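Those protein sequences? They're chains L and E, same order as listed. The opening position of the first sequence corresponds to residue 1 in the numbering used here, with each subsequent residue numbered one higher. The opening position of the second sequence corresponds to residue 1 in the numbering used here, with each subsequent residue numbered one higher.
Check the hints yourself; a few may be wrong.
Claimed, not checked - In silico BS3-like links for lysine-lysine, alpha-carbon gap of 30 Å or less:
hint, chain 1, residue 1, chain 2, residue 2
1, E, K87, L, K100
2, L, K34, E, K87
3, E, K283, L, K157
4, E, K87, E, K283
5, L, K94, E, K266
6, E, K358, L, K94
7, E, K43, E, K283
8, L, K34, E, K339
9, L, K157, E, K87
10, E, K358, L, K57
11, L, K94, E, K87
12, L, K100, E, K48
13, E, K266, L, K34
14, E, K266, L, K157
15, L, K93, E, K358
16, E, K283, L, K34
17, E, K304, E, K293
18, E, K339, L, K157
19, L, K100, E, K43
20, L, K157, E, K43
As the list claims (entries may be wrong) - Quick partial rundown of chain E residues pointing at chain L, CB under 10 Å, derived from the structure:
hint, residue
21, E46
22, F49
23, F237
Please keep in mind that the hints were generated in silico from the structure rather than gathered at the bench. The structure displayed is predicted, hence computed values, not measured ones. Glycine included, every Cβ here is placed at the ideal spot set by N, Cα and C.
Okay, here's what each chain looks like letter by letter:
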Amino acid sequence: MPLSPAITNLEELKSHPALALLLVWNPSAVEAVKYDRDEMTIYVDRGLLREACAILKDDSECEFNFLADITCVDWYPAEPRFEVVYHLLSIPKKERLRLKVRLDSSSPVVESVTALWPGANYFEREVFDLFGVRFSGHPYLRRLLMPEDWEGHPLRKDYPVEGYR
Amino acid sequence: MILNMGPQHPSTHGVLRLILEIDGENVVRMMPDIGYLHTGIEKTCEAKFYQQVVPLTDRIDYLCPLTNNLCYVLAVEKLLGLEIPPKAQWLRVLLNELTRINSHLVWLGTHALDIGAMTVFLYCFREREDILRIFEMVSGQRMMTSYFRVGGIALEPPLGFLDRVRDFASRFPAKVDEYENLLTGNPIWGMRTKGVATITAEDAIALGASGPTLRASGVDIDLRRDMPYSGYENFRFNVPVATEGDVFARYVCRVREMRESIAIVKQAADGMPEGPIKANAPKVVLPDREKMKTEMEALIYHFKIITEGFAVPAGEVYQAVESPRGEMGYYVVSDGTAKPYRVHMRAACLANLQTLPKMCEGRMLADVVAAIGSIDIVLGEIDR
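Build the full structure now, drawing on both the sequences and the hints.
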């Protein structure tokens, strides 16, 4: 199966239920969209992420009730540097959705979703630990994998593979 | 009183440290502390060619290496848009189900050992040995198999492989009966597991639990059936679900899963299609040894793949498979070069571990051991 090019035109994807829902709620929440390799990605405004998640979770059409994963990609030296990636799964509908938030390196902060999914706790701590992205409203934002007194955030692209020491 | 359990403690299945606040024998608060086995695999992946990442994926979850191999190669194949021949898909399914049984056998043996049933452990490892021999037969390795390749499978399985698998599949269901004879009706086992460490479906979903941990609470989801990958839609099997959400329910789910898995293995062995085991993609898949000696082009492709890797079109993919522990996911980002820009593993155990405080708080200290065993954690996967 040859790869078909990614669709990034908002108009073409409007029929996607999750996107339609977000557009009805607040059109300014959707920054961009991408449909590539059968996977849907929505870039959400950083200030509206938690509310967008709450709407996607509670809506009876979408029901993205399961937070599969949170991770981050560092696009150093480009700006906005960080992309925090949320993978949602709807257990009743068997659908997946990817949400992304772009953060610049001067203030890598996004609102925590632990109030919606307590399971986000470890995922957000891991991203904080390895990328230095902060999650406001997180109940216990401490390092998860690295030692407490570790310097730097290892998965950042400007962190050497051999480490600082 | 604060009690420190682990990281060197036989019942924590690796290097899990639990900080327990106890009041007499009762657990008031529990805090897992992880990271003792963190090796930075995600960072290492960024410095390797795509094909060099496969051996790293074995080391993440050392009890189900082939599941990790599969998840990673599926993600990269999706990035490349490769079509995999049916024989390779069926072999992958067959070996994955053997891996699931292998992993469940280790779980059952150690879990029973934690609770005090010594015999089951010896029985389980007896059958596990047979599976490891099958793995050794196809891949040359007992545990770190690295048998799947991007675009197919490393080698044609040796002669007599399917006979050996069929032989094992015909013997195994009787062995599961043996384990069940020892445990299922055993009153001591029942007292230690029934009604212990319960979790509701809502809590399990909210905490991100998956796999048998979620299904034992009554949520009927299995990625093999609901979002099929690698040809699972061609197989018929049931998904065991229980509703109690306690240690016993998780035990029942996993034991029944072993029976379903062996049924899939039988179907795969009997209906194994003929044909190539590698995709027709000379720039990605290494050529046959014989072709390299006779064809110039094959030699050039071989040289190029080994020295420069293969470029993967830019994009991103999240591929999830049903591992023995739950939803194992690989998120691979490509920037168009021969090395992955980012590889992230969604570890089922990391999310399942978060259910542990919910299960144990307010219960007896001795139940903590039963609860840890019942969520079947592998610290290599949690810490990566």
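Any hints from earlier that this structure breaks? Give me their numbers in increasing order, please. Hints 1, 2, 9, 13, 14, 22, 23 are the ones this structure does not satisfy, whereas the remaining hints hold.
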